[in-house]
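2 protein chains.
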Amino acid sequence: MKPLHERVLAGDVRAASRLMRLIDDGEPQATKELQAVFPHTGKAYVVGITGAPGAGKSTLTDRLIAHYRKQGLTVGVIAVDPTSPFTGGAILGDRIRMQGHATDPGVFIRSLATRGNLGGLSRATGDCLKVMDAMGRDVVLIETVGVGQDEIDIAQLAHTTVVVLVPGMGDDIQAIKAGILEVADVFAVNKADLDGADRVVRELRVMLELRHAVKAPPMDHDAHHRMVRAKAEGKAPPKEEASQEWEPPIQKVVAAKDQGVDELVGAVAQHRAFLESTGQRLQREQNRALTQFLALLRERLLKAGLERLERERGNLSDVAKRIAERQADPYALADELAGK
Amino acid sequence: MKPLHERVLAGDVRAASRLMRLIDDGEPQATKELQAVFPHTGKAYVVGITGAPGAGKSTLTDRLIAHYRKQGLTVGVIAVDPTSPFTGGAILGDRIRMQGHATDPGVFIRSLATRGNLGGLSRATGDCLKVMDAMGRDVVLIETVGVGQDEIDIAQLAHTTVVVLVPGMGDDIQAIKAGILEVADVFAVNKADLDGADRVVRELRVMLELRHAVKAPPMDHDAHHRMVRAKAEGKAPPKEEASQEWEPPIQKVVAAKDQGVDELVGAVAQHRAFLESTGQRLQREQNRALTQFLALLRERLLKAGLERLERERGNLSDVAKRIAERQADPYALADELAGK
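Residue numbers (the numbering used here), protein chains in the order written: chain A, -8 to 331; chain B, -8 to 331.
Same shape as in the complex, but just chain A (with noise of 0.2 Å):
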């Protein structure tokens, strides 16, 4: 039998799984599957859908999956579960309205639950989404509840980013909205039969205008750097800010009745149209592989560094007992065990 990035390469659904599959054990087999594969990567469209919950994410997304499958493109999804912090299983939910697609083989469905503490989830979607890319999948759809900061990482891991949003949701969901909205390049405002659709389509409006007013000028190289590495260690980034010459467009589905769909699958083809000509999909692709490097670094780095925490100062429990009852430093311990 061909090694399995081959067969993943030649889009067998069944070596893709299975690859994922190693990837979730921590195989250390599934990285060198991954790097085989990684040189012929970058092809796929990737649309992320993320907004608060009960927005209707997933049955805009199965809408989304039935538009591309009828331009004759194949389809990769990965559905982003909320999820216990500590069974690791994922809640099906409302993800089961997907289920219309299961018999499909253009249509590749991968759900992934939150796990751990330490943004696995990211690293996670990141390499889900390098697998579905060197199978073929022309579009790949990342559905995640796009409130944590994580969240907000996945869903930049997208070329094209569909906020979707409802009527009558709460105060917090304004707090939200405005953090969210530097990422969205289509705003949908999903069940738009609903009272208050005109609404949420103008407090948008507003918060763009408001946006307009207060752009930056253009961000140089320097400048992006800077608030790459800012952002990498955790502080406020630096005010800067890259000019955005894309207007999102604000579209109302009513995704239910498959109502706008059509046109939000336009809006997403013109942002991408735009990305393509203006030379930014180019832009989106390094942060992408910022992102994700950055989430294996973290990965990698904080396995090497308790590896050796327990091989220097006993099992991490026991150190963690040492902290609580202050006999132990653990700010001299995590300079210690960085190298300083």
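All clues stand as given, with none of them false.
In this list, chains with the same sequence are indistinguishable; a pair is considered to hold if it fits within one copy or across any two.
In silico lysine-lysine, DSS-like type, Cα no more than 25 Å apart, as pairs:
1) K34 to K312
2) K61 to K34
3) K34 to K23
Honestly, the hints are just simulated from the structure, not real lab data.
Given the structure is predicted, the values throughout are model-derived calculations rather than measurements.
Use these hints to put chain B onto chain A, whose structure you have.
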């Protein structure tokens, strides 16, 4: 003038604010001051308030502040804001409701914004908590939007975690509910004067009973260690779970009308008594020490790793560019930096 840490330990609000600013700015002096106050921490009782957007957490936090102040206790509040991943700026949102306590020296409120993409928020919250603890605050309230993994981690910094729910949220909320079930020590069903409050209470009861039915045997030290290790590495933890004797009470409240808040404060006090009488408070302290240490370690390791990368391979943006162009192998690079 006395050194900063001495003034913080004496309860000086301005010194505490200054130390928090130093921490925010990543000044090396901050670590020294934190190290100096660290042995004197561990006295404050920490209450986490988390829940979905729109659940009315800020209003409830405001009421809790008032109740604790009535008991003669000093209060610290850390309000973790959902915010822009780019600008690093905090969204005030309805936090303004807490302004009523602005002139009370017994209340110290600090907002923390999401920043960076590497769990820096968890580390920042932990440091902020240490400062408030060192200042001698009797109770520290940590308010977070409990959706992302980061937020759940932050909620776990608390001795008692109050999960706030409201009637009439969508399907996704059900999934999130399952995710936060295990971190909840007390449930508050807010806006209990709205239709559907009793349904939320019933659903919670069913979920708690289901959990009972699948309850695992008590976890021994080794099992706990395996779970902690797996979590730290971002793997799915083994299916072992600590026995939970505490049955989370479900309290209906109408925060806006101050109804049920006395009873909620009572439920928190009961949980505290439970933790202290069973020795589980120490376990919580250890979990907290572990969470904070891992956040710190991750940050320091990454910082050191990135410094080495930039010394040896050029700046991060250029490395990202080479990865995006498939000229550099991110897996090999990460392993190299992790010393493999």
